[in-house]
Amino acid sequence: MNFATSLMLIGAELGLCLVALVLLLLSAWLPRAAARVLTIAAASALAGASIYTLALLLNGTAGPDANAFGALLRLDAFSAVAKLLIYLSTFACLVVTPSFFERRGQYRGEYPVLLLFNAVGMSLLVSATDLMTLYIGLELSSLSSYILASFARSDMRSAEAGLKYFILGGLASGILLYGMSLVYGFAGSTNFDAIRTALAGELGTGALFGIVLVFAGLAFKISAVPFHMWTPDVYDGAPTPVTTFFAGAPKIAAVAILTRLSFSAFGEQFAAWQQIVAFVALASIVVGALGAIGQENLKRVLAYSSINNVGFLLIGLATGTAAGVSAMLIYLAIYAVMTLGSFVALLMLHDADGVPMETFGSIAGLAQRKPALAWALLVLMFSLAGIPPLFGFYAKLVVFQAAVDAGLIALATVGIAASVIGAFYYIKFVKVMFFDARPSSDARAEVARNPAGHWSVLAASTVLLSPLGFLLTPAMERWAAAAASALFLTA
Amino acid sequence: MVDLSQYLPILIFLVIALGLSTLFVFLPMATARLTGVYNPTAEKLSEYECGFPAFEDARSQFDVKFYLVAISFIIFDLEAAFLFPWAVSLGVTGWVGWTGMMIFLGILAIGLAYEWKIGALDWD
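Sequence lines, in order, name chains P and E.
Residues 1 to 491 in the numbering used here are what the first sequence lists, from first letter to last.
Residues 1 to 124 in the numbering used here are what the second sequence lists, from first letter to last.
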């Protein structure tokens, strides 16, 4: 085994890990005021890791046979693209975090450290080609997520969110492990390619149980219906910067590994898992669209919106074609930008005392008070709803196109119908901001000023989602197609 | 492909164990109800504490420090559990095994240093 090659392939993870360990020690020894410096160091480490991954992708090192450590990890185009998405969205989350916690005097150097460990776990997860590395990556990312959810530990709701996430996440890990042990028992190996060979042909009941349980465990991690119950509570209870993170990078990682697992390990059993994925996709779309209608809290609305979006992502997976996976990756990238932008906009809605404005009532008449913020939210919401001139439309278009090409016309029809229902609450945002009267009582606080970091992330995501985003489509299509075809080379 | 049929006895054993334990729980309950001795009173239902009336509710709060010590214990206990097989097989794994374990111990040492510095090991 060539260690130098293996270490070179996981260079980004190694670098992040080393930086995280050093920052952990620094966070204990330096005064708490240094937390901001540690955040900058962590953000630069993430930027460095993205550049390193991009370089490996561009110089052709990242390929189908770039196996590290005896086929425990693989750096192909698929994992490289997923890693880039993960690093960039984690980077954006680091930029918008400090001022939120500093306003409450809760910011500590441990926050960037946890986020870095989370990023390491997620990038191991997306490049895993073995059930063992899959599980280790998943747990490294989940365990730091549990702590992040309860980061505002003096806040009752944050602590509750962390505990809830921990207990339900532990249950999901248990289900996943049980499924993995069944798969291992029937396939005789934990390696994805070996599992694929062993499970070819007629599928026994035991192995089918294993596959179903593995899908159930991962469906929990991507918060797909019927394993979505925790999502609104955790998203609502966790501090808003943490929710911004949860809705982005961990979801990208879990969807990516679900895709890799489906096509490489269970690739021969497409008929068995297609029904599961199609059902989960349909249920997520419908529940996500209907569940948000009665909600008054904006974070809960966006939590249901993310459940709804996971459904659209899974349509791409359910097609079982390279075109479907490539459509899914395009949707994933655009979804990451949309969710990041909308949560950052939510983060910016607070008064001078830092009290967040989290209900529809509190953003009434926002267009007169903060026109820039209101217009950015308008672009984000119309984009999430998939209204044509905006980039969110393109994401939905490619996914439905792939579904129709693969003959899943019923799934596409229900998806389109549900996205019309879902448009209700996206448009409600716009209606409340632009057409509802500003509350008459002047006691209601003004929206406070926000740091430049927030504005730049919001502006960047708004510009990406505006019709200007369509300039990126040729590049995105090329990358997504390259990444998707990496999964199908083993077929 | 692993031959699972050789594990059939274990499956039967599990089913029997489950059946027996269910029986042990529910048989006395059923017997008591059917023979008419089921007659709960406040005295019978209260918890037994050496013959005294109960002093306090059993569900009291623990100091969080106990959990901290327990978590630290688990980590270092597991470390010891990893060290034994590593030490025994060091002749086979050689320098690669040695380096791997040193990296693992290094990460744990950093964790311990952090824990020490922020005062998680102080009792007061």
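Be careful, since some hints might not be right.
What the hints assert, rightly or not - Below, a list of computed lysine to aspartate or glutamate pairs in the DMTMM-like style, where the Cα atoms sit at most 25 Å apart:
id: 1; chain 1: P; residue 1: Lys370; chain 2: P; residue 2: Asp353
id: 2; chain 1: E; residue 1: Lys44; chain 2: E; residue 2: Asp57
id: 3; chain 1: P; residue 1: Lys164; chain 2: E; residue 2: Asp63
id: 4; chain 1: P; residue 1: Lys370; chain 2: P; residue 2: Asp155
id: 5; chain 1: E; residue 1: Lys65; chain 2: E; residue 2: Asp124
id: 6; chain 1: E; residue 1: Lys117; chain 2: E; residue 2: Asp77
id: 7; chain 1: E; residue 1: Lys65; chain 2: P; residue 2: Asp155
id: 8; chain 1: P; residue 1: Lys164; chain 2: P; residue 2: Glu110
id: 9; chain 1: P; residue 1: Lys299; chain 2: P; residue 2: Asp233
id: 10; chain 1: E; residue 1: Lys117; chain 2: P; residue 2: Glu102
id: 11; chain 1: E; residue 1: Lys117; chain 2: P; residue 2: Glu110
id: 12; chain 1: E; residue 1: Lys65; chain 2: P; residue 2: Glu110
id: 13; chain 1: E; residue 1: Lys65; chain 2: P; residue 2: Asp353
id: 14; chain 1: E; residue 1: Lys117; chain 2: E; residue 2: Glu47
What the hints assert, rightly or not - Counterexamples of contact, computed for chain E against chain P with all Cβ distances above 12 Å:
id: 15; residue: Leu14
id: 16; residue: Leu20
id: 17; residue: Phe76
id: 18; residue: Ile118
Because the hints were derived from the structure by calculation, they are not lab data.
This one's a predicted model, so the numbers in the text were calculated from it and none came from an experiment.
Glycine is no exception: its CB is placed at the ideal position from the N, C-alpha and C atoms.
Now for the hints, and whether the structure bears them out:
1. P/Lys370 to P/Asp353: Judged against 25 Å, a Cα distance of about 17 Å means the pair holds.
2. E/Lys44 to E/Asp57: 16 Å, holds
3. P/Lys164 to E/Asp63: 21 Å, holds
4. P/Lys370 to P/Asp155: 29 Å, violated
5. E/Lys65 to E/Asp124: The given pair, whose Cα atoms are some 9 Å apart, holds under the 25 Å limit.
6. E/Lys117 to E/Asp77: 21 Å, holds
7. E/Lys65 to P/Asp155: Judged against 25 Å, a Cα distance of about 20 Å means the pair holds.
8. P/Lys164 to P/Glu110: Status holds; Cα separation ~21 Å.
9. P/Lys299 to P/Asp233: 9 Å, holds
10. E/Lys117 to P/Glu102: 23 Å, holds
11. E/Lys117 to P/Glu110: Holds - the C-alpha atoms of glutamate 110 of chain P and lysine 117 of chain E are around 13 Å apart, at most 25 Å.
12. E/Lys65 to P/Glu110: The hint holds at about 20 Å.
13. E/Lys65 to P/Asp353: 34 Å, violated
14. E/Lys117 to E/Glu47: Not satisfied, since the Cα-Cα distance of roughly 44 Å exceeds 25 Å.
15. Leu14: 15 Å, holds
16. Leu20: Holds, because the least Cβ-Cβ distance between leucine 20 of chain E and chain P comes to about 24 Å, which exceeds 12 Å.
17. Phe76: Check passes; 18 Å lies beyond 12 Å.
18. Ile118: The claim breaks: isoleucine 118 of chain E does not keep its Cβ more than 12 Å from every Cβ of chain P (closest is about 5 Å).
Consistency note: the structure conflicts with the earlier hints numbered 4, 13, 14 and 18.
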